[in-house]
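J.: Read left to right, the sequence shown gives residues 1 to 118 (full-length UniProt numbering).
In case anyone wonders, no lab produced these hints; they're calculated from the structure.
Heads up, some of the hints might be wrong.
[Stated by the list, open to error] The calculated lysine-lysine pairs, modelled on DSS-like cross-linking and capped at a C-alpha distance of 30 Å, are:
id: 1; residue 1: Lys44; residue 2: Lys78
id: 2; residue 1: Lys47; residue 2: Lys66
id: 3; residue 1: Lys32; residue 2: Lys66
id: 4; residue 1: Lys95; residue 2: Lys27
id: 5; residue 1: Lys78; residue 2: Lys27
id: 6; residue 1: Lys78; residue 2: Lys95
id: 7; residue 1: Lys34; residue 2: Lys118
id: 8; residue 1: Lys34; residue 2: Lys47
id: 9; residue 1: Lys118; residue 2: Lys47
id: 10; residue 1: Lys47; residue 2: Lys32
id: 11; residue 1: Lys32; residue 2: Lys118
id: 12; residue 1: Lys80; residue 2: Lys118
id: 13; residue 1: Lys118; residue 2: Lys95
id: 14; residue 1: Lys44; residue 2: Lys32
id: 15; residue 1: Lys118; residue 2: Lys78
id: 16; residue 1: Lys34; residue 2: Lys80
id: 17; residue 1: Lys66; residue 2: Lys118
id: 18; residue 1: Lys66; residue 2: Lys27
id: 19; residue 1: Lys34; residue 2: Lys44
id: 20; residue 1: Lys78; residue 2: Lys32
id: 21; residue 1: Lys47; residue 2: Lys27
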Amino acid sequence: MNRLKSSQKPPSAAFESEPCPMPDIAKLIGGKWKLIILQILIFKGMKRFNELRRMIDGVTQTMLTKQLRALEADGLVKRKIYPEVPPRVEYTATKRAHDLQDMFMAMHDWWVAGQEEK
Numbered sequence: 001m002n003r004l005k006s007s008q009k010p011p012s013a014a015f016e017s018e019p020c021p022m023p024d025i026a027k028l029i030g031g032k033w034k035l036i037i038l039q040i041l042i043f044k045g046m047k048r049f050n051e052l053r054r055m056i057d058g059v060t061q062t063m064l065t066k067q068l069r070a071l072e073a074d075g076l077v078k079r080k081i082y083p084e085v086p087p088r089v090e091y092t093a094t095k096r097a098h099d100l101q102d103m104f105m106a107m108h109d110w111w112v113a114g115q116e117e118k
C-alpha cells in the first residue's frame, strides 16, 4: 500500500486548491482536435500541415489551421516556416507539450482497461 509521508498531501488535496486549474487546462487542450494533434506531434514527431490533415479523419482545413494556431499561441506547438516556393511549414510539439506524454499514456491505459471490462 502506498503510504504518504507526513509532509505530503493526499492526491485529492490537489483538487481542493483554489483556484482550480481544470478550466484553464481544458482551454489549452480541450476541443475535438487538439488532443489528436498533440498526440500525433508528441509521438510521431514533426509533421507538415497536409500530413496532419490526412492523419486526422474529418478535420477541415479551416479547423486544423485554427487549432494549430491556438496550440502555437499557448506554447504547445512550434511552427517553422521555410522561405521556399511553394512555402513549406512544419509543426512540432514543444517541450511543454512533451510534458503531457505521461498523461497520454495514462489515458491510453485507462481506455484499454475500460475496453477489457466490456
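J.: Hint by hint, say whether it matches the structure.
T.: Hints, one by one, checked against the model:
In summary, the hint linking lysine 44 to lysine 78 is supported, as the alpha carbons are separated by about 15 Å, within the 30 Å threshold. Among the hinted pairs, lysine 47 with lysine 66 is consistent with the structure: their alpha-carbon atoms are about 16 Å apart, no more than 30 Å. For the hint linking lysine 32 to lysine 66, the alpha-carbon distance of about 12 Å falls within 30 Å, and the restraint holds. The straight-line distance between the Cα atoms of lysine 95 and lysine 27 is roughly 19 Å, inside the 30 Å bound, and the hint therefore holds.
Annotation: proposed proximity of lysine 78 to lysine 27 holds, straight-line Cα distance about 18 Å (limit 30 Å). For the hint linking lysine 78 to lysine 95, the alpha-carbon distance of about 10 Å falls within 30 Å, and the restraint holds. With a CA separation close to 28 Å, the supplied pair lysine 34 and lysine 118 stays within the 30 Å bound. Note on lysine 34 and lysine 47: the hinted pairing holds, with a Cα-Cα distance of about 15 Å set against a maximum of 30 Å.
Between lysine 118 and lysine 47 the alpha-carbon distance is near 35 Å, which puts this suggested pair outside the 30 Å criterion. Distance hint between lysine 47 and lysine 32 is fulfilled; the C-alpha atoms sit about 19 Å from each other, no more than 30 Å. Of the pairs offered as hints, the one joining lysine 32 and lysine 118 holds, with about 25 Å between alpha carbons and a cut-off of 30 Å not exceeded. Our distance criterion of 30 Å between C-alpha atoms is broken by lysine 80 and lysine 118, whose separation comes to about 44 Å.
For the hint pairing lysine 118 with lysine 95, the CA-to-CA distance comes to about 36 Å; that exceeds 30 Å, so the pair is violated. For the hint linking lysine 44 to lysine 32, the alpha-carbon distance of about 19 Å falls within 30 Å, and the restraint holds. Between the alpha carbons of lysine 118 and lysine 78 the distance comes to roughly 39 Å, so the proposed pair goes past 30 Å and is violated. Distance hint between lysine 34 and lysine 80 is fulfilled; the C-alpha atoms sit about 19 Å from each other, no more than 30 Å.
With a C-alpha separation of about 36 Å, the suggested pairing of lysine 66 with lysine 118 is violated against the 30 Å cut-off. For the proposed pair lysine 66 and lysine 27, the alpha carbon gap of about 14 Å is at most 30 Å, so the pair holds. Restraint check for lysine 34 and lysine 44: satisfied, since their Cα atoms lie roughly 15 Å apart, inside the 30 Å limit. Proposed proximity of lysine 78 and lysine 32 is supported: the alpha carbons are some 20 Å apart, at most 30 Å.
A C-alpha spacing of about 23 Å is found between lysine 47 and lysine 27, which places the hinted pair at or below 30 Å, so the restraint holds.
The structure shown violates the earlier hints numbered 9, 12, 13, 15, 17.
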